[in-house]
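Peer 1: Residues per chain, in single letters:
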Amino acid sequence: MKSLSLPNIFSHQILALLGVLAINWLVFPGFFDVTWKDGRLFGSLIDVINRGAPVAILAIGMTPIIATRGVDLSVGAVMAVAGAVAATFAVSGHPLVVTLAAALAIGIACGLWNGMLIAFLGIQPFVATLVLMVAGRGLAQLITEGSIVTFSDPQLIFIGTGSVLGLPMPAVIAFVLMLAAHLFVRRSAMGLFIEAIGTNRSAATYTGLRSRSLILAIYGFGGFCAGVAGIIAAADIRGADANNAGLWLELDAILAVVIGGTSLLGGRFSIPLSVLGAVIIQAMNTGILVSGFPPEFNLIVKAGVIMIILILQSARIGEVVAAFRTSRQSQGKK
Amino acid sequence: MTETSRAVLEATGITKTFGNHTALRNVDIAFRAGEVHALLGENGAGKSTLIKILTGAYTLEQGTIRLDGEPVSFSTPLQAQALGIGTVYQEVNLLPNMTVMDNLFIGRQPRRFGLVDKRTMERQAREILAKYGLDIDVRAELSTYSVAVQQIIAIARAVELSGKVLILDEPTASLDAAEVEKLFDIVRRLRDRGLAIVFITHFLDQVFALSDRVTVLRNGQLIGTRPISDINRTELVKMMLGKDLALHHGDILAEESEVGETLMSFRGYGLKGKVQPLDLDIHKGEVIGVAGLLGSGRTEMARVLFGIDAADSGRLSIDGRETTVRSPRDAVELGFGFCPEDRKLDGIFGDLSVRENIVIAMQARLGWFRALSRDEQLEIAGNYIEALDIRTASAELPVKLLSGGNQQKVILARWLATDPRFLILDEPTRGIDVGAHAEIVRMISRLREDGLALVVISSELDEVVSYSSRVVVMRDRAIAAELHGADINVQRIVETIAGNETAPAEAHP
Amino acid sequence: MNPRYRPLVATTIIFIVAYVICVSQYPGMWSTRVLGNFLTDNAFLGIAAVGATFVIISGGIDLSVGAVIGLTGVITAIMITRFGIHPMVVFPVVLVLAALFGAAMGAVIHFLRVPPFIVTLAGMFLARGLASVLTQDSIPIDHDFYRLVSSLYYKLPGGGRLSAIGLTMLLTFAVCGFIAHKTRFGSYVYAIGGNGVSAALMGVPVGQTTVAIYALSSFLGGLSGIVYSLYTSAGYPLAAVGIELDSIAAVVIGGTLLTGGYGFVFGTLIGVMLQGLVQTYIVFDGTLSSWWTKIAIGFLLFMFILLQNLVFNSQGPSRLRKGPA
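Chains as they are written, first to last, in this note's numbering: chain U, 1 to 334; chain P, 1 to 509; chain L, 1 to 325.
Next up, chain U with everything else stripped away, as it sits in the complex (with noise of 0.2 Å):
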């Protein structure tokens, strides 16, 4: 498996999180103190892999979605409905394998209903996702009907809060999920032939490969992540909240997505980079926490991030130097 799919740009990324948690720990010395208490882990790294696991989950889903020159902006509004789903589901007392399995039933149709707009119709991605991220909340409400519905099904709750060998679950079940989804996708042929859609779709036709179906698996799935984390949503608080379960998750997933270089122009992409920039979102976010500074950093800290990642990945800007320096060349010579 080593070196299949990890592209050398594997050391920006980790790179990156070590600077983030260099400076974490410069703010607040505390930083990587880990420790074991309840049979369990505690700390502030844990916090990071913890609090970080659903956006994780939905770059999961997202990476091989942007890959394909697409993008999936209801996975928040799903995550709301998956969670909803689970919870009522849990209040009229259904086992668990049952409230699980209709939670991810509802993801996945979601995730194909929106791969059928944007395979069947030919409408953009952008467009298509849009209609889901707008009405999905309101599904939710409507399932649960409004309110907040808790639940205490204790094997529901653990998904959200137990720990397995002092890992915080929801961590353990984005790892299973992502080392699944990387073998899936390196093992079988899905990752050479996502790969060669978003590089060159004429190209992927012309050598017969089966894009609509492809890209209508990739959306289910993209919905599937996206009820994974709404359950762990759902069982981290213990019930479904319909207005805020995910709400702008979707642009964390596609942040996470992009700082794990896959461009949105779609071509060659890592489900673990992905997922590791899941984790460097969440360890400035869980670092402006611990060192004191109001939560609301997080926002602008995340602008500038956007902004030098768009920076950095521009080829325009060569252009601009480039042009710029023509012209004041051929204006000296005026």
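To be clear, the hints were calculated from the coordinates, so they are not data collected in a lab. Built from N, CA and C at the ideal position, the CB exists for glycine as well. Some hints could be false.
As the list claims (entries may be wrong) - Here are the simulated lysine-lysine pairs, BS3-like style, with alpha carbons at most 30 Å apart:
# : chain 1 : residue 1 : chain 2 : residue 2
1 : P       : Lys-118   : P       : Lys-182
2 : P       : Lys-344   : P       : Lys-272
3 : P       : Lys-131   : L       : Lys-182
4 : P       : Lys-118   : L       : Lys-155
5 : P       : Lys-131   : P       : Lys-164
6 : P       : Lys-118   : P       : Lys-52
Claimed, not checked - Stretch-level coverage of chain U by chain L, calculated; a stretch enters the list once three of its residues show a Cβ under 8 Å from a Cβ in chain L:
# : segment
7 : 102-110
8 : 206-218
Knowing the structure of chain U, use the given hints to seat chains P and L on it.
Peer 2: Relative to the frame of chain U, chains P and L by itself:
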């Protein structure tokens, strides 16, 4: 003829390079007032590069451009336009979502009190279009009119804005005969008003019908400029395809190798507006060379055969069994392969590695789950890199870093890995260096000997003659003739392309 | 009829039919009082949606407008309450700041060729972040001028009140409709949305226009923020969260093509009104829950996207197809 008229636009010593590829080499050309000057050349000849330099889309690096005798320089189309050089493109470069008058005036709409004065604009728009014999509702959206009308509006705009030189880049590509005639009337009228008109087209008939002089480019070089009265169709085709018949006459043809059994037969196979219904039998161990000028329907035929544009008429049987090709996917299932003309746009996956580019078609055929392991991929890629002598530092190099010839070999390797029965190669040797060129030509012969059926489209007639068992000549989106045996020679092909077997060139003015 | 008007006509018909149905069920809805409230309650959405109309016609998107509303509201509140500056001085300052913010985004979009979706996303984070850093709580504005403006209204026949902010929205629509359809700038917006490359070749100043479009959008976001502060008599950093989605929905439902090139400022007004109608109906009904608004809007959005897809793809311009090689 207007031999004595002055040169309005004169370009001398124009050279343009992209990286290490020279698109134009020391080209001199002059356009005179009151003259229609046809510019001819196959793809890659440098026509579009020259036009882009003359219109300011590319900056001039070497050479001089003189307008009315004065050296000029411009770096944007707007500047060129302001100086008097207007251009109308094949794909109408107007705004389909806006009204006709907006399209005529945008950027310079008449204003009153700071607001667009629609009434004045409408009146002026009508006046302008009346000069072109168009009486239409100028307040209607441009897209509600036919391409022909849009083309005239584009011409009107260009003439209004510029008024010295009018460049028409394949303006007739999507017009029918009556529309073309109407357009020509307008062009003639503009010529008589003293404009210098540059006319780019693939249709020889139109060149003879409209132009006063003709310039031919090939491989970035000026082949020659001649008054239309001094040249006939055969000579023109020769200039374009670069055949000095004296040298190549009596080329050795592919020996009448025993052609295998019939692999597939197309009957009445066609697509409305693209390819007229054609009958074609393809045998195992046979190379069918396809010759014809750009726009003759040769690429369209390839696209229809491969299912990229699905045929809307006719039948196909393979090994005696009826089947259909509705998509490239179907074609690949049946063991077809297709190397497209535009490698960059339709062929390679630039950012993916050579290995991935080679295995992708095979993998696509295997499906999502029967994945080739990395070792298998490396082995397959390694085999083809060696067999086709693909020059790459490593199988993991992004394919976009390879030279054109090696990219072409990668695409060929991609199809060979699928163990195909039938390969369509569209201009497989265009834009690649001499060495790789010869290798690909050899490879085509080798594949034929291995029993593959091939359709090879090429404007390199030497090449076509050297490997074809049969030559199909395309003209006007149909098969004009099929040449066998001793008829497969450059002279015969050129004459067939020029259409001389029906009408001798001397009949033209 | 030009098929491109179909979405607008469809919206208008849907609005009229929906209104008739509403009135037939609840005759109380047929009054200028309801209409007046309609305008007042949706003023900030309407003003923001006008900006979104320009952006979307030009083929772009602006996700930052909700955050700009929050930020301008907060700055207004702080300048008035903490520094004691008169609102009439504050408003122009805030509007200029907002316009500069948008101009900066437009410049990045055009000159760095970054997708507007990402740039305005960063703008959203930045504006919300700044607003939250300035204050985390709602700052009540207690000023004579605010009380005066809130009490201003024009009495409509039938007892309805056309409030100052409702009037502001209508004026915004009128002025911007004028700009869109009567000025050179307006035609440039359509030109860029139709085909940016052609537009540039035809002499449209694409860069300047793009900067101006986003400046206008943020300017209207600022105006909407001021209106929102008048409406709530407060400045709150989390004001108007998600308004960008509602405004995009209003624009699309109003017959503007999401991919750019076609659209009407007037249509957006109907889109806003249709959203307001759904809300009002739900209030009148009393048994229906508020989330039906979102579902209904999402459904309308879907129907209109589908309709646009049918209208514009079935007879799309042939230049989009690959020409013969």
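Peer 1: Now tell me if each hint is right for this structure.
Peer 2: Status of each hint after checking the structure:
1. Distance hint between P:Lys-118 and P:Lys-182 is fulfilled; the C-alpha atoms sit about 29 Å from each other, no more than 30 Å.
2. Among the hinted pairs, P:Lys-344 with P:Lys-272 is consistent with the structure: their alpha-carbon atoms are about 28 Å apart, no more than 30 Å.
3. For the proposed pair P:Lys-131 and L:Lys-182, the alpha carbon gap of about 27 Å is at most 30 Å, so the pair holds.
4. Distance check on the hinted pair: P:Lys-118 and L:Lys-155 sit about 37 Å apart at the alpha-carbon level, beyond 30 Å; violated.
5. At most 30 Å may separate the alpha-carbon atoms for a hinted pair to count; P:Lys-131 and P:Lys-164 meet this at roughly 17 Å.
6. Restraint check for P:Lys-118 and P:Lys-52: the C-alpha separation of about 34 Å exceeds 30 Å, so the hint is violated.
7. Taking a C-beta to C-beta cut-off of 8 Å, the segment 102-110 of chain U contributes 0 residues in contact with chain L, too few for the three needed, and the coverage statement is violated.
8. Under a criterion of three residues with beta carbons nearer than 8 Å to beta carbons of chain L, the stated coverage of the segment 206-218 of chain U fails, only 0 such residues being counted.
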